Structure formats: structure tokens, C-alpha cells
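2 protein chains.
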Amino acid sequence: MLSKNQAKTLRALHRKKARREQQQFLVEGEKVVAELLASNWSVQALYATPTFTAQYAGLIQQSGVSITECSAAELTSVSTLVSNDAALAVVNCPAVADNNSPSADKWVLALDDINDPGNLGSLLRIADWYGIRRIVCSPQTTELYNPKVIAASKGSFLRVQVDYQPLDAFFDALPANTAVLGAYLDGESIHAFRPQQRGGILLLGSEAHGISSALAARVTQRITIPAFGAAESLNVAVAAAVLCDNLRRIES
Amino acid sequence: MLSKNQAKTLRALHRKKARREQQQFLVEGEKVVAELLASNWSVQALYATPTFTAQYAGLIQQSGVSITECSAAELTSVSTLVSNDAALAVVNCPAVADNNSPSADKWVLALDDINDPGNLGSLLRIADWYGIRRIVCSPQTTELYNPKVIAASKGSFLRVQVDYQPLDAFFDALPANTAVLGAYLDGESIHAFRPQQRGGILLLGSEAHGISSALAARVTQRITIPAFGAAESLNVAVAAAVLCDNLRRIES
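So the sequence lines, in the order shown, correspond to chains A and B.
If you use my numbering, the first sequence corresponds to residues 21 to 272, in order.
If you use my numbering, the second sequence corresponds to residues 21 to 272, in order.
These are calculated hints, taken from the structure and not from any lab test.
None of the values given here were measured: they were computed from a predicted structure.
Some hints here could point you the wrong way.
For chains that are exact copies, the list does not tell them apart, and a pair is met inside one copy or across any two.
Claimed, not checked - Here are the simulated lysine to aspartate or glutamate pairs, EDC-like style, with alpha carbons at most 20 Å apart:
| id | residue 1 | residue 2 |
| --- | --- | --- |
| 1 | Lys-168 | Glu-252 |
| 2 | Lys-51 | Glu-252 |
| 3 | Lys-36 | Asp-183 |
| 4 | Lys-24 | Glu-163 |
| 5 | Lys-24 | Glu-55 |
| 6 | Lys-51 | Glu-227 |
| 7 | Lys-51 | Asp-192 |
| 8 | Lys-168 | Glu-50 |
| 9 | Lys-168 | Glu-227 |
| 10 | Lys-36 | Asp-188 |
| 11 | Lys-168 | Asp-136 |
| 12 | Lys-126 | Glu-89 |
| 13 | Lys-24 | Glu-89 |
Bound-form chain A, shown alone (with noise of 0.2 Å):
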């Protein structure tokens, strides 16, 4: 049964300050808990059904995690999920990897301003689709550990490195000849697109107003996803994953 005060301690990391002053997430649902538990990340508590500790046994002794277990309506009654969620993690934030230079022929996304969190969890899933193992995000991007955005990611959280830092000096710390792709609506079709070299950074704009102009002098080529028919414009999670697909089919 959960305790007053576990309730309220849940409750309270649905909020970004609680987050930030714990160091400490959410992660709901079965089957990302379960990819959790299985992984070497740091769960501070779980709270589950008796049929999930039943299901899971195995893999929650092996983790060594402290489990409360309570009723589906307790765990919904801490969620953000609508569901009849049959689990629920404390997280504990890892630290972020001093990593500032990626390897020559790695790809990396940067994100400037996504303000969305379904949005960045769809870029997440999508970066781990296509073995893009770092996302780098502007500080004013959406926080990486918003219930909607670990939602989203669908698990790929636990293998995609996130951090957040100004985009100027990340583009300063790069080796001088880096590629830098930056997605817009009047650049080079990503169909006719050829690199130069393997790896580089892959540059998105917020939803609303695209790459700042302030990084735009970071851009080596601009690319463009070429339209077909009358829609304006694509959701950039979406913009995101054609643009990975046609880079890996480009490169393999």
C-alpha cells in the first residue's frame, strides 16, 4: 500500500522543480519499468501491482531495487498516464557525460528550442531507430525528464545520451571541418543530397520558428525534405526521422 507520504513524494516529481531540487524521475508503465530494471540505470523505488512483481520477480530481485507494492488505482492515482499503469519507477538522474566532442563519424542531433515534450521523446525513439547514440539540446529545449517526454521515448531514454548546453559552444568545441546539416524548407533536397564525409551534426529548429538566426552561420549545408504535394510544412520529429532514414541509406 502506498503511504501518504509516498504519494505525495510521487506526485511532486510530476513537477520540473521537484525534478531539478531530487535529481530524481518518473518512469511509468510495464514494459519500460521491466526494460529498466534490466538495465544498469540507478531506480531509487518501485512501486507495482502484485501480478507485475509476480511477472518480474527475477528481475527485480536481481536489481536489488526497494519495491512498494500497491493497487493499479494507487498507481493512477500517482501517474500522469491514464492507463491502468502496473508500474512505476524513481529514477535517479545519471550524470551527464563530459563528452563534448563526438567521434568523427558519428551522428549527433542538435535541438534548438524544441519546445514540445511529445515531440523530443519522439526524437529520442527515433535517434535510437537509427543508432544515433546523442542528442544535444539548446538549454531552452523542453526538460528531458518530463513524464511526456519519457513516455514518448518508449524506452530509448535509457540509450540515448541527452545534455543540455548553449549550441554556440557546442558547435565551438567541434573540429573545424564537422558537417553540419541543418534542416530548413528551402535547402538542398535530402534526395539529391551527397556527403562529403560519414557523421556530423544534424541541426532542427523549434516547432514554431525553425534554426535560430543566431546559428545559422553554424550550418555547412542546408537540406530540405522535398514536397510532393500542398502541406506546409512537417512535424520536425517526423522531418527528423526522414532525414536520419535518408542519411543511413545514403551512407550504407
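Take the given structure of chain A and dock chain B to it, following the hints.
Frame of chain A; chain B shown alone:
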């Protein structure tokens, strides 16, 4: 000013039952309402702020629509969107065109029980970007006129024809040699795929269950987006965009 009756009518259109009975739906937001007024769709009523009516006076006059001026607060109180929408329109559902045989060289999306309104709206926007003019939905697919679908489509509902019918009947009526590409996790890589003809059907399954086994026999080619990382899947709209992009890239 909004009358009580008007407010009641508008709020009722948030519900599927009322939309079905009245054969009307809501379009919300400045930009998309302006786009709507410029189209040849049948608008039953327009509710807008004085700012909107001043800015789009020409468009409103041309459309001949009856207009009720109201405050942003009044609009928000009857809108499903949270932001300060400057305009809201009640639109008459168009008659569904009898169009069972797509032109031979065109692409059509077929949706097998897509559940999430945001996904359906995204699929409309993506179809519109890639010049796909028609989407056929199984009867269980989420309703087109849900305000969340309309919002996510970003105006593309004006340009993409959507109809609902049992997909078995749809496939029965197709010419015998029509290509039916089915999106699976274990098909041929879309990067290696070389179609034998232009156009066909791209069949996408539900978020939870993929393409139903009853429809599998209709698929002439199982296709897959190659993965380069560890994510288990992509969101269905994201996958549709990547597949459409590859098909357009191959054809052009």
C-alpha cells in the same frame, strides 16, 4: 457575443455523437480557419475575435459565411484547444466521394484500425506533404472529425480525401495487379525495394497490433524500415513518412 445556445451547440460538437447526428464538425485556430475560408468547403458558422474579422475581412466577405464576433475568452471556453484561438468554425461534413478505384499510378494510404487521433491527423499531414490524395480507413479507425485529428492535420484535412469502409471490400474492388505494400517489422528493406510499377496501396496497421492477420493475405510485398539502433519500433505516422519518402525517392 456568444449566446448560451451557441455555446451549447459548439460544446456539443466536441462529442462524436453530436458530430454524427448534425453532420458538422469544428475547425479551431486562426491559421487553419483562414485556410478553410479560402477553400470551397461549406462553412456553417464562424465565431471569431474582432481582430480576426478585421484581418480577414476580405476572405470572410467572399465566403459569405455568417459570423458571430466574440472575445478570445469566449472562444476558449467552447474550444478544445488551450491557447487563445482567434477563430472557430462550424463546418458541414462533406459528402464522401464514390471513388473506390484509385488511379493506377497513384498512392493511397490504407489504415487498419489506427487508434490515436494525433496519429491520424499526422498521417493526413504526411499524405498531403507527399502528394497522396486519399486515405482509406477501416471502420474502427479513429474518427476523422475529432478536433484532435483536425488540429494535428494542420489544414491537410482540406486536401486529403478520407473515407471509411471495410478494408476487405476496398481490396476486393482493386484492379488485380495493384501493388499492396504492407508495413511490417520483418519485411524487405525499403532501402533495397524496387517497385515494379508506380503507385499502389500502402497499408499501415494499428499502433498496438500492426496489420491484422485477416488482411495479411492482401499484402503483395512486406516492407520494413531498416533499423540501425535498438528501438523496437517507430510511431506509425513517423513510419508512414519514412516509407512515403522512400517511395517518392525511388519513383523520381
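> For the identical chains here, do Lys-168 and Glu-227 meet the 20 Å Cα criterion within one copy, between copies, both, or neither?
Replying inline: For Lys-168 and Glu-227, the Cα distance is within 20 Å both inside one copy (17 Å) and across copies (18 Å).
>> Treating 20 Å as the Cα threshold, decide for Lys-168 and Glu-252: within, between, both or neither.
In response: Classified as between; 19 Å across copies, 27 Å inside a copy.
>> Please sort Lys-24 with Glu-55 into within, between, both or neither, judging by C-alpha distance up to 20 Å.
In response: The answer is neither: 28 Å in one copy and 51 Å across copies each exceed 20 Å.
> Is it within, between, both, or neither for Lys-36 and Asp-188, if the alpha carbons may be no more than 20 Å apart?
Replying inline: neither (25 Å within a copy, 49 Å between copies)
> Is it within, between, both, or neither for Lys-168 and Asp-136, if the alpha carbons may be no more than 20 Å apart?
Replying inline: Intra 9 Å, inter 16 Å, cutoff 20 Å: intra and inter.
>> Please sort Lys-36 with Asp-183 into within, between, both or neither, judging by C-alpha distance up to 20 Å.
In response: Within one copy only: 16 Å inside, 43 Å across.
> Given identical chains, is Lys-51 near Asp-192, meaning Cα to Cα at most 20 Å, within a copy, between copies, both, or neither?
Replying inline: The answer is neither: 40 Å in one copy and 38 Å across copies each exceed 20 Å.
> Are the CA atoms of Lys-126 and Glu-89 at most 20 Å apart within a copy, between copies, both, or neither?
Replying inline: neither (43 Å within a copy, 55 Å between copies)
> For the identical chains here, do Lys-51 and Glu-227 meet the 20 Å Cα criterion within one copy, between copies, both, or neither?
Replying inline: between (30 Å within a copy, 15 Å between copies)
> Is it within a copy, between copies, both, or neither that the alpha carbon of Lys-24 lies no farther than 20 Å from that of Glu-163?
Replying inline: Result: close neither inside a copy nor across copies, 27 Å intra and 41 Å inter.
> When no copy is specified for Lys-168 and Glu-50, does a C-alpha distance of 20 Å or less occur within a copy, between copies, both, or neither?
Replying inline: Within one copy only: 16 Å inside a chain, 27 Å across chains, cut-off 20 Å.
>> As a check of your reading, is Lys-51 near Glu-252 (CA-CA no more than 20 Å) within one copy, between copies, both or neither?
In response: So Lys-51 and Glu-252 pass the 20 Å test across copies only (12 Å; inside, 37 Å).
The structure fails to meet hints 4, 5, 7, 10, 12 from the earlier list, while all remaining hints are met.
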